[in-house]
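Q: Residue numbers (the numbering used here), protein chains in the order written: chain A, 1 to 326; chain B, 1 to 310; chain C, 1 to 301.
In case anyone wonders, no lab produced these hints; they're calculated from the structure. Honestly, I wouldn't trust all of these hints.
To be verified - Derived DSBU-like pairs: lysine-lysine, alpha-carbon spacing no greater than 35 Å straight-line:
1. C/35 x B/3
2. C/191 x B/7
3. B/225 x B/7
4. C/35 x B/7
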Amino acid sequence: MALLEVRNLTVSFDTPDGTVHAVNGLSFDLDPGETLGLVGESGSGKTQTALAIMGLLAQNGRVSGSVVFRGQELLGMSPGELSRVRGSKISMIFQDPDSSLNPYLSIGDQLIEVLTHHRALRRREARARAIEMLGRVRLSDPEQRMRQYPHELSGGMCQRVMIAMALLCQPDLLIADEPTTALDVTVQSQINSLMGELSEKSSTAILLITHDLGVVAGLAHRVLVMYAGQEMEMAPVDDLFADPRHPYTEGLLNSVPRLDQVRSGILNAIPGNPPSLLELPTGCPFAGRCLYAWEQCRQLPEFEKIDEDRFKRCHLDALPTKRESA
Amino acid sequence: MLKYSLKRLASAIPTLFLLITFAFFMIRIAPGGPFDSERALPPEIEANLAAKYHLDEHLVIQYGRYLWNIARLDFGPSFHYLDWSVNDLILQGAPVSFTLGLLALALALAIGIPIGAWAAFRQNRAADYSVMSLAMVGISIPNFVMAPLLILLFAITLGWLPAGGWEFSPARMVLPVITLALPMIAYIARITRGSMIEVLHASFIRTARAKGMPSRNILFSHALKPALLPVISYLGPAAAAILTGSVVVERIFTIPGIGSYFVQGALNRDYTLVMGVVILYGMLIILFNFLVDLVYAWLDPRIRYDEQEA
Amino acid sequence: MTEATRDAFSQALDRRTIRGRSLYVDAWHRLLKNKAAVAALIVLATMIVLVGVGPMLSDWDHEIPDWDHYSTPPSLETGHLFGTDALGRDLFVRTMIGGRISLLVGLVATLVSLVIGVSYGAVAGFFGGRVDNIMMRFVDGIYAMPFMFFVIVLMVVFGRNIFLIFVAIGAVNWLDMARIVRGQTLSLKNKDFVEAARACGGTEMQIIRRHIIPNLLGVVIVYVTLTIPQVILVESFLSFLGLGVQEPLTSWGALVNEGAQELETAPWSLLFPASFLAATLFAFNFLGDGLRDALDPKDRP
């Protein structure tokens, strides 16, 4: 049985300009110990999906569908029940580590409260466990860190603290929302390898949200490509990179700068902009930017199985032969 | 921490110097002021002033003496009450004024913070709108309007509380304290609401919720401290507002405090008394701002850190 | 695949492209959607018309007593809509005349503080560096002072004169304006669009006219709206203490003072001027809040 089953998830927001449809009928499964990469451009609904699973949507957000975690429906759970799941069985780390930690509390206080709340540990035991965990995320001098405040640590160190905090209770699921986007490139690779290492050692499943395909290639087992709040393509990571079946996936892969191309001044960005989430087009949302769009794209294609473990939402049977990019 | 405190205190000295200099020259250019050579004063006062400031000496020396006397907290002889020094008058009024002021401040904090926080939790709902509208009423009705209205309602119409006259008793303090506190309750509620809403939208609150902390825990150990910082900063201006308000309140409720003496002094052109009170109040406000800075630094680890670095 | 189809798609997608909206037109529309602010505007307009023409509509004068009616309650029969005071003077006319003074003081003193504050703040912000440091130190110094007492001292020393009230209040009330304008100027000066304008070869004058002033205007408008009630309040406070406007002129503060003394015998003599004063302050504060919300582009979705 899957650890997490998301079915027909929709998330929308009431704003003064109208209703923003952030996630539109998303479904996917996540198995225990698996790492699923959720990729797409900004505004594709990745983060809102994660927040909806966690029950952390903004006040004007509305959610429908179903999110079943270990046989339990999470949507519509009472705040009390939810607070027993969050931080204990499901943890989340965020994009901006500096502002995700409370600037007014010491690192130690912020770690310890997780254990005193979820595991009913006494402060001293909790402290020992917290120090041990800081060691496991490779922070130097853990005892000293416990007394420090977030502003005394670098962004990379803060993200290590966030990871330690998320793993304190050995959760079944870790949701990582762009965990390295706000960090320096060298720090990014350190944090990525730390996450890879930790996921191998523990049985924690990871929902990895990112727009960085390099990160996905390194960490994920499977990849779900999102666009305008819908699934475009889902495949095991190697297959997706070797053989993209959806024009959007192809566009994303082509837009990753490669050293040989950058030198010759070529950047293959996908032309145009994502559709407005206020008024979604009735047909395929990507049609307006798609190189291969045709009449039939006025109807929304199904998200259908095309191969073992492979799904896509496109009317094309196969992508036209790749034109060699100069 | 000590270094920080001393630095803050030192930065207040020029302000105080500015204030005293302003006071000296104001008194000097005032027609009929004590340092005015064409003055016509009762001989007793003239003798007192001459003894204290050596009025025949050079202006700079008189100024020096004035500074020196203020430094020793000696505000000189009253210009109107023949046998009184300004110090006597201030000391006599101080206990009443300070009791009322501190009670009003405590009341304002005790009521303003909870209702502001409550409005923040009910943001854009009926409770929020009603609290904020009431706060706007509190801010818009001046205390010299509020005081007679309160007297009209509670003393004259309902007869629950005494209207005027003064003695040191709770019944006589209720209305003055409420009058002083009302606008501050309104300000503090608005400030608390604003900062609480901002804090509740902060990323670190989302983290705390993601950690599964219960709402009560999030409010008290994560949100309250940062939400209170703007309220702490407001206490400086609040102190000034109380001092100003006390002038009105003491006059309306006929309370023999510093504020009453000040108004009397202003109407009688008792320059030394007026300047004495202004300088004293300036000192109090500086002292209060200093305390506020200390509390702020104690609450906000980032300020402590910056000071260590510096 | 056809270009035409793709264009059709793009057009469908772009239909909601946001039109460029001028900040101030936009703000005006947002203000009109704010019911409290619109109500405040209506109250203020009514108030100005009322104090402007009100005294002419009455048969009575604000100085000459009605010898037949001392401290009479409001009544249509006597023609004293708001009643009379202890000296037999018509309170409707006195409230209107008092309102003229209060509003006039509010406008003139705000103008004084506007001129001083904006020039001081703009100079400090535009030059920055040491000039800014010294200028703002001075402001901080005065800021820590009990401002109301300063005004009282000025009134005591220089005598009670209506022009002095304008100047004294304005001269003391400019600090906020200076701080805000300075902060805005300082941050605008370093904004990318100003850098861009400079890089495109704009002269200093052009930059100030095209970029600095329009962006300052918003905060200044909000602050003016919030300063007027403050100033009215200060004047009323002074008049209430007997240090402001002198007889035969009057203001709402002076009327409240007189009313408070006849509280037990003639409560109407307090209630009418007090409610006019409170309503005006209320309206200005609401309008200021509404303007601030309307002009703050941060909130624009």
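Q: Evaluate each hint against the coordinates.
A: Right, here's what the structure says about each hint:
1. Distance restraint check for residue 35 of chain C and residue 3 of chain B: the Cα-Cα separation of roughly 51 Å exceeds the 35 Å cut-off, and the hinted pair is therefore not satisfied.
2. The straight-line distance between the Cα atoms of residue 191 of chain C and residue 7 of chain B is roughly 33 Å, inside the 35 Å bound, and the hint therefore holds.
3. Between the alpha carbons of residue 225 of chain B and residue 7 of chain B the distance comes to roughly 25 Å, so the proposed pair stays at or under 35 Å and holds.
4. Between residue 35 of chain C and residue 7 of chain B the alpha-carbon distance is near 48 Å, which puts this suggested pair outside the 35 Å criterion.
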